[in-house]
Amino acid sequence: MLEARAVTVNSGGRLILDDCSLELEAGSVLAVLGQNGAGKSTLVQAVAGNRRLARGSVLLDGREISAWDPIDLARRRAALLQGTQLRFAFSVIEVVLLGRLPHPGGGRSARDCAVAEAALAVVDALHLASRDINKLSGGEQQRVHLARSLAQVWPDDRRSARYLLLDEPTAALDLEHQHRVLRVVRECARNGAAVLVVLHDLNLAARYADRLLVLQEGRCVEEGRPAEVLRPDVLHRRFGIEARVIENPAAPGCPFVIDLGTSDTSGGQADVIALPD
Amino acid sequence: MPRGLALGLSGLVVLGLVVIASLGLGAVAIPGRQVASILWSAMGGAAGAGNDVPSSMQESVLLAIRLPRVLLGGLIGATLAISGAAIQGIFRNPLADPALIGVSAGAATATALMIVVAPWFGVEGVVSQTWGLPLAGFVGGAVTTLVVVRLARREGGTVVTTMLLAGIAINALAGAATGFLVFLADDAQLRDITFWSLGSLANTTWPKVLAVLPLIGLCLIQLPRCAASLNALLLGEDEARLLGVDVEKLKRRVVLLSAMGVGAAVSVSGVIGFVGLVVPHLMRLAAGADHRILLPNAAIYGAISLLVADLLSRILAAPAELPIGTVTAAVGAPVFLWMLLRRGGGWS
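First to last, the protein sequences are chains A and B. Sequential numbering of the first sequence, starting at 1, is according to the working numbering. Sequential numbering of the second sequence, starting at 1, is according to the working numbering.
Check before you lean on any hint, since a few could be wrong.
As the list claims (entries may be wrong) - A few chain A residues that don't get close to chain B, going by computed Cβ distances all over 12 Å:
| hint | residue |
| --- | --- |
| 1 | Ala78 |
| 2 | Glu176 |
| 3 | Ala251 |
| 4 | Gly261 |
As the list claims (entries may be wrong) - Between beta-carbon pairs, the in silico distance windows are:
| hint | chain 1 | residue 1 | chain 2 | residue 2 | range |
| --- | --- | --- | --- | --- | --- |
| 5 | B | Leu285 | A | Leu15 | 46 to 52 Å |
| 6 | B | Ala42 | A | Gly83 | 58 to 64 Å |
| 7 | B | Leu173 | A | Asp156 | 49 to 55 Å |
| 8 | B | Ala169 | A | Ser130 | 40 to 46 Å |
| 9 | B | Leu5 | A | Ala227 | 55 to 61 Å |
| 10 | B | Leu25 | A | Ala118 | 52 to 58 Å |
| 11 | A | Gly192 | B | Arg3 | 34 to 40 Å |
| 12 | B | Leu173 | A | His236 | 56 to 62 Å |
| 13 | B | Val182 | A | Asn36 | 51 to 57 Å |
Said to hold, decoys possible - Short derived list, chain B residues pointing at chain A, Cβ under 7 Å:
| hint | residue |
| --- | --- |
| 14 | Ala228 |
| 15 | Ala232 |
| 16 | Leu234 |
Calculated directly from the structure, the hints in this document are not laboratory data. For each residue, glycine too, the CB sits at the ideal point set by N, CA and C.
This is chain B alone, in the form it adopts within the complex (with noise of 0.2 Å):
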């Protein structure tokens, strides 16, 4: 079996595993056959008889709060890190990240303006926490990414380097404008966007979900289609655009398809760092780097990586429970050093 194949496979059966995991663990214990038995009568299934019998606690635990939070969490986790891996394709840079153009900073920015100003104009509660937040996370996302691009382009081509010392600039500015709007936040709000820069899946809803499933799927479905043209622009524009491909159209693609599932991910959950670099190196690493391979294994192991991390942040202070962000983040941090020390001195 090839090697992409079969990280792939399994990669999936961990997956399962999580799930199963995720959704069992916490504060309420719901063991793996009660899980069955209520995910198997919420389809319409006949509810099981004798002392296994869920209670309606546990029902409401798991249907309402526990798949909700995992089904996000691993939507989520898969988006940043086949965003991470398409990015770093097209800027040819194993470095490269969503935040670097300024996806995430520029989502960062709009949803605090949401959290701050809103509800100067009367825009409170369930409409803005729910459609206004990933709403804003993604023009927010995708408006800066735009401006980077634009910033970036010169006689029909996007310059890379521009675009990512652009990128740079605009995070800096982007993140001025986020501190202005916490000076500005009174204590309610500045614990809303702290809370929210750190990153965490906690009070998931089902409309939460739903608002931003069509960009995260659009993402996730449309990206993998990219891969050849990626691989080929691993040799370089000329080089692509001489094997076929239209490669404005591919940076485009690439370009806006990351800032939609990025931006949607980071304006429901926050923040959520490394997961976008760390997965995709670790990927390259196991199963090399064609994008074919590597674009799908880079989601199925960013949906584990992430509902693993929202695992840990839920066990290791229950009932309280950690910010995602930093535990991705205590964890990325040390393996992204760890991959930098390996290759023996830096990315040539």
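Same shape as in the complex, but just chain A (with noise of 0.2 Å):
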């Protein structure tokens, strides 16, 4: 299990998460809502062990994450960061081969490589293998950085548990994609993993996800699942939209949202913002 215990984390003198706690558990996917600001890749990078913590603390299957070994957390743990971005001409390949750089292969062997073009096929990337990363599409970069880290912790014969942070991957993909990815982090739960999900579309978060985390202005306003939390007065306490909730017509007993705009707009004709000149 990873735990977040009461994490608080100050940068420049600014609170930017205030008394989170959280739980992943093995075989779940958590989707951690919230407007813009509100400290959602803060919190990922805070719970995979990549900032200091004022208050609280991370723990991984108990222990204190600082505590762990790099390289063995690294096994066990991987998180796809936003604006990853890479000045030098890697191929795809060898993008996500450098997921399996904590390995014993280094992302040299066989296994490695098998790996590698695994996660590739999975994401729907598997025919970009030897472009130049740089000459893709931002969504398809984005895939190929969410194949990544999928290799980072692919499932081996060890059977530890495994941690798979994803800080919005669904944002720069069509349609499409944005259903194969988040398919593709359910499969990852089925298979034994811990997954975060950080994502915007409420409705893509009620379908694929067993909880829901809000978090605004830094704290942990709402959590449960998704029938508990997507509810009208939620949705305008914490989104600002007014909105109606029925249930999703594909996935039975599921929540769905229908956005009818903020406040200002859903009395009919909306107001018109003055932009300057």
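Mind docking these for me? Both chains are given alone in their own frames, and the hints should help you get the complex.
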């Protein structure tokens, strides 16, 4: 289990995360929601062990994450961060093989290559394997980096717990690939991984996550099953939108949010936002 | 055969040919067979017989002048190129160069200081020339680099942009200090400093080679061991940490090793530009950005480039010699421009 207990993170004198707690369990998907600047990316970094905590602690399998050997940790926990960019001309397969660096083959063994190819196939990017990553579209690059994260914690014989932390993996993707990527995420959980995924699309979150966590101004303000969190009053309070919630026609029992716009537009006619000349 | 390995092997063959040419060509010509014969007998083999026997003149030119010069040239070229490649990796910027973070400027100032100030304290001649200059170069390069790294440290991490900008400021300061020393220098010292700032492998002696060998050797052996971590760092510092890389340790290591190698190199040969910038670029074009392939190849082709430059500097104006720094700049700058234009609009 990966556990954050009362995590508080400061940066430049500003409180980014305030007393956040969460639990990631094997086999389940937790979706983190929240407005821009709510602290979602910092939460991912903190849970991954990449941020110095002002207070609180992050425990992986019961042990303080900073006490783990970095290589051991890297074999169990992968994170996809936002805005990863390579300045140098790496081929797609080389990028994915970087995810195998912490493993015994160091990204050069036959096993590493097999895993990298399998990971690329899963995100529908195997046909790009020999292309220069910088020549791909934003969405394609994002899928390649997701494949790298998957390759990093690809199931092996040791059957140790694995953790996958994904910061907006669907941000630049077309609709079809959004679903595909989240089905992959689901599949990872089914294979025993514990997954945290930051999303903006409430309906995707409702459909693919077991639990939702809503961040607002650095605090964890709502947590629960999709049907518990996705209620009109909560959506108004936390996301500033008017919404109607129905049952998803494609997924019985799963809430489906119809976004009616912000409160100043939901009355019918949208207010004109004055733009400077 | 993988592309990197093929590149490396053909590089070694070319390096061998260039070494033979460098040993044989010059004011006193020594044909290849006699080069072999002299080296053979120097290593304790039986002297050959017949009319191919090299003259004692050829023997002393080869053993006392050309061999140390070629050895030093190869080592320095390899160090400049491998350090350039590694520093570019650390900064994730293909335009970075040891000169950029102050290694060369620091080494230059310290060396000028040694040339001008050491005689005031009665330190002169062989001691200062052979051992003093390399040491001063290394210390100057390392101190400047550490200052830059220190300035760029924030909350336990090193901010690369700050480091580059601090490097520019420190470079300017070091330049001012060197300028002041030039102002203090007498005519002979002035000539030394000027000559040195243009770079040269002339007057290479065995003691000089031995003086820099430990520093350069350590740099050449240790840097390739950072290759896999440098690859991860290209993704970004946070990403590299997630892959289990100790980023701070890696940065410290690479910066120190480069300061050591380049500082020592600069101190015996003067400032030789463009090898550290251009050779890694060409290697990336030829075999990709993987540091495990890039670093060894940069070393091999760096050695080749500098030996060819040295050969040109000896031949073009024979019997006089051009400063090698002018040759590398005259060849390197156009190549660099060509690479810029080829990319069609700059580095993003």
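Against the structure, the hints:
With a least beta-carbon separation of about 7 Å from chain B, Ala78(A) fails to lie farther than 12 Å from that chain, contradicting its non-interface assignment. Residue-level check passed: Glu176(A) sits 27 Å from the nearest beta carbon of chain B, beyond 12 Å. Once the 12 Å rule is applied to beta carbons, Ala251(A) is consistent with being away from chain B; the minimum gap is 33 Å. The claim that Gly261(A) lies off the interface holds: its Cβ sits roughly 36 Å from the closest Cβ of chain B, which is beyond the 12 Å cut-off.
Restraint check, Leu285(B) to Leu15(A): a C-beta distance of roughly 47 Å satisfies the suggested window 46 to 52 Å. At roughly 59 Å, the beta-carbon separation of Ala42(B) and Gly83(A) lies within the given 58 to 64 Å, and the hint holds. Hint check: Leu173(B) to Asp156(A), Cβ distance near 53 Å, so the stated range 49 to 55 Å holds. Taken as a hint, the range 40 to 46 Å holds for the pair Ala169(B) and Ser130(A), whose Cβ atoms sit roughly 43 Å apart.
Distance hint for Leu5(B) and Ala227(A): a CB-CB separation of about 58 Å, consistent with the stated range 55 to 61 Å. Between Leu25(B) and Ala118(A) the CB atoms are about 56 Å apart, so this pair conforms to the stated range of 52 to 58 Å. Distance hint check for Gly192(A) and Arg3(B): the Cβ-Cβ separation is about 39 Å, which falls inside the suggested range of 34 to 40 Å. Checking the proposed 56 to 62 Å range against Leu173(B) and His236(A) shows it holds: the Cβ atoms sit about 59 Å from each other.
Distance hint for Val182(B) and Asn36(A): a CB-CB separation of about 56 Å, consistent with the stated range 51 to 57 Å. Hint status for Ala228(B): holds, given a least beta-carbon distance of 6 Å to chain A, under 7 Å. Because the smallest distance between the Cβ of Ala232(B) and any Cβ of chain A comes to about 6 Å, under 7 Å, the interface hint for this residue holds. The beta carbon of Leu234(B) comes within 5 Å of a beta carbon in chain A, closer than 7 Å, and the hint placing it at the interface holds.
The earlier numbered hint that this structure contradicts is number 1, and it is the only one.
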